[in-house]
Every structure is written in structure tokens, then in C-alpha cells.
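Using the sequences and the hints, build the whole thing.
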Amino acid sequence: MAKIRRNEKREMPALNTSSLPDIIFMLLFFFMSVTTMKEVTYKVSIHNPQATELTKLEKKSLVRYIYVGVPTADFVKTYGSDTRIQLDDAFAEAKEIGDFIINERSSMKESEQPLMTVSIKADKDTRMGVIADIKQELRRAYALKISYAATQRSN
Amino acid sequence: MAKKIPQINASSMADISFLLLIFFLVTTSMDVNQGLARRLPAPIPPDQKVEDKDINKRNLLVVKINSANQLMVQGQLMDVKQLREKAKEFIKNENNVDYYPKLVEEDFGSPFGMIKYTKDHVISVQNDVDTQYQAYLDVQNELVAAYNELREECAQKYFHKAYKELEDDQQKQIQKIYPQKISEAEPKNYGN
Numbered sequence: 001m002a003k004i005r006r007n008e009k010r011e012m013p014a015l016n017t018s019s020l021p022d023i024i025f026m027l028l029f030f031f032m033s034v035t036t037m038k039e040v041t042y043k044v045s046i047h048n049p050q051a052t053e054l055t056k057l058e059k060k061s062l063v064r065y066i067y068v069g070v071p072t073a074d075f076v077k078t079y080g081s082d083t084r085i086q087l088d089d090a091f092a093e094a095k096e097i098g099d100f101i102i103n104e105r106s107s108m109k110e111s112e113q114p115l116m117t118v119s120i121k122a123d124k125d126t127r128m129g130v131i132a133d134i135k136q137e138l139r140r141a142y143a144l145k146i147s148y149a150a151t152q153r154s155n
Numbered sequence: 001m002a003k004k005i006p007q008i009n010a011s012s013m014a015d016i017s018f019l020l021l022i023f024f025l026v027t028t029s030m031d032v033n034q035g036l037a038r039r040l041p042a043p044i045p046p047d048q049k050v051e052d053k054d055i056n057k058r059n060l061l062v063v064k065i066n067s068a069n070q071l072m073v074q075g076q077l078m079d080v081k082q083l084r085e086k087a088k089e090f091i092k093n094e095n096n097v098d099y100y101p102k103l104v105e106e107d108f109g110s111p112f113g114m115i116k117y118t119k120d121h122v123i124s125v126q127n128d129v130d131t132q133y134q135a136y137l138d139v140q141n142e143l144v145a146a147y148n149e150l151r152e153e154c155a156q157k158y159f160h161k162a163y164k165e166l167e168d169d170q171q172k173q174i175q176k177i178y179p180q181k182i183s184e185a186e187p188k189n190y191g192n
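So the sequences go chain by chain: D and A.
Residue numbers for the first sequence follow my numbering, beginning at 1 and rising by one.
Residue numbers for the second sequence follow my numbering, beginning at 1 and rising by one.
Simulated from the structure, these hints should not be mistaken for lab results.
A virtual CB, placed ideally from N, CA and C, is assigned to each residue, including glycine.
Okay, derived cross-link-like pairs now, EDC-like style, lysine to aspartate or glutamate, Cα gap no bigger than 20 Å in a straight line: (1) D:124 - A:79; (2) A:161 - A:149; (3) D:60 - D:89; (4) D:124 - A:130.
Coverage of chain A stretches by chain D, computed from C-beta distances (three or more under 8 Å per stretch; other residues unrestricted): (5) 118–132; (6) 143–149.
See the structure below:
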């Protein structure tokens, strides 16, 4: 005869967590591969301009950046509130762009040198005079592939 | 008696990987770098004199932006929104009017055959020193958009496909029909 077991103590079975690390590792690898560390710390404040006909910058290793904008609050005291150019981690003058480009180019593989793209990240309120100076310097350094960084305009 | 190998306690493994995971979660920025791709003209060698290229007036579309970000196209005040249509009209010159660029007939090979196109058109963008960057970019954007739309139309007409989906050499053929010719002059002061 069937016996109804009622008083027997029932323990909750322990959940097998041995695959938990694997799952976490999987997530970890996903984020590791999509992560891009911030290139530099901005010393100038940049509000991206907007545009619609944008192309993605494909290979990160081929891109060099020029930042243009008004110095951030920490630097206004020492550098004034005029539009400044930032190369890598330091403020620079337009004249230094040529040397910067040549330096950066020589650190690249020879086969990739002609593919170098310069991305101009400028604040949307920048005066064109500054941008024109940069463009002239880039022309002189034969960095002719440029890209005006912008965000997609949402209509 | 064989010695038992003690098991390594792996229960902290999950914690370690969680820690790493959170670090990468925080530092991740998913935004891709996008931008308006342009190509600068090669520099003029110092020993060479700057010569003004003689461009027929009808082949030239002059777009001027002043310091108040106002637009002047062919001597007329214009809104940025109208620029795209104007540029497309100019580049195509469908009705073969004498104030738009001269049409040249050329053989582009299959499947195009003989096509009339405005071979020598140039769009000249001139801006003031005080022009706002956004206004300049708007103009550039509209001009690039005009070319993109024309190329898209061409791709649909001859290949019945989107321009993006075409083979590289097909794209190059279309680029020959609609070559991007945006010239930029040195910035000057145009009245204040």
C-alpha cells in the first residue's frame, strides 16, 4: 500500500552554480571586445555639431583626432576662454599640427600611412577661422583625408 | 596509499569575473565615431604661382556664408533647407538651360551607354572667418546629401538596387557620372 509520507523532512536542493563563472566570463569577453577606452581626457568642452550624411570611421588605428573648443572650467583661468586646439593631452597652437601629424604618421605602419584619417572634433560654435587654419596646416602636412566629427541629426 | 589532490576552491571565481565584468561595463562607450568625410586639396608647392583656374561662369555654383550664418547662392539669399534641391538642379541640369553647367555627352559603358552629364561643374563654398562651424557643416552636409541623392537615383535607375548594395566598380561608375566637386576658397571677410 502506498504510504503517504508527510512528516519526512524535505530539503531544498542546492542550486548548482558551477557554470556561473562561465556565464559571467562570456559577458566579460563581450564587454572587453566592444570596449573603447576614452582616447584622451578633454581639456576643451565640445558639443558635437549635427549632420545627416555621416560615415563611420572604420579602423580606429588609422584615425587621429584634433579637438577644438573652449577650455573647460578648470583651464579657463590659465588658458582664457578663447577657442583652443587640443592635440593628444595638451593644448597646442595651429602651427604644431604639422609636426603632430608627421610624428603620428611615422609611428604607423608604412602600408597604412596613406590611409590615415584626421578627425576634427570641434565645438559647434567654433568660428570658421580656427577651422580654416587647421585645414591649411593639414594640407601642408599632406593629411588630406579628414572627417568632421558630428552626431546624427534626429528628425 | 595515493595522496588525494585537494580540490581548489573555485567559488570565488564568479566574484573575480564579476569584478572584471563591472569594470568593463563602466568603461565601455558604445558610441561609434561618426563624421562627415571630406578630402582636402593637395597643397600648392611654394615655387608654383597661384593661378586662377578659368572656370566658365555657368559651370560654377557659388555658395557664400557670411558671419551671421546667412547663405547666399548665386547672389541670392537662401535658406539652408533649399540648398539641396538647388544643388541637385545645378548638378543635373536636366532641361539643358544656359545658366546651369554645360552638358557633355560621354560613353560610360554598359549599362549606362551615352549619358549627358555636367562634366565641369564646380560648387564653390566660401565662408567668413566668423562663420559658425555648425552653419558651415550644414552647408557641407546638404551638398554631400545632394550628391548622395543623385547617386542613389542613378543606382535605382540603372541597377534597380540601392547605391550601398552595389559592387565597388558599379559605385565607381556612378561616381564618375556624379563626381563630387566641392571647392573651398580661403576664408575672407565678406562685409559685416
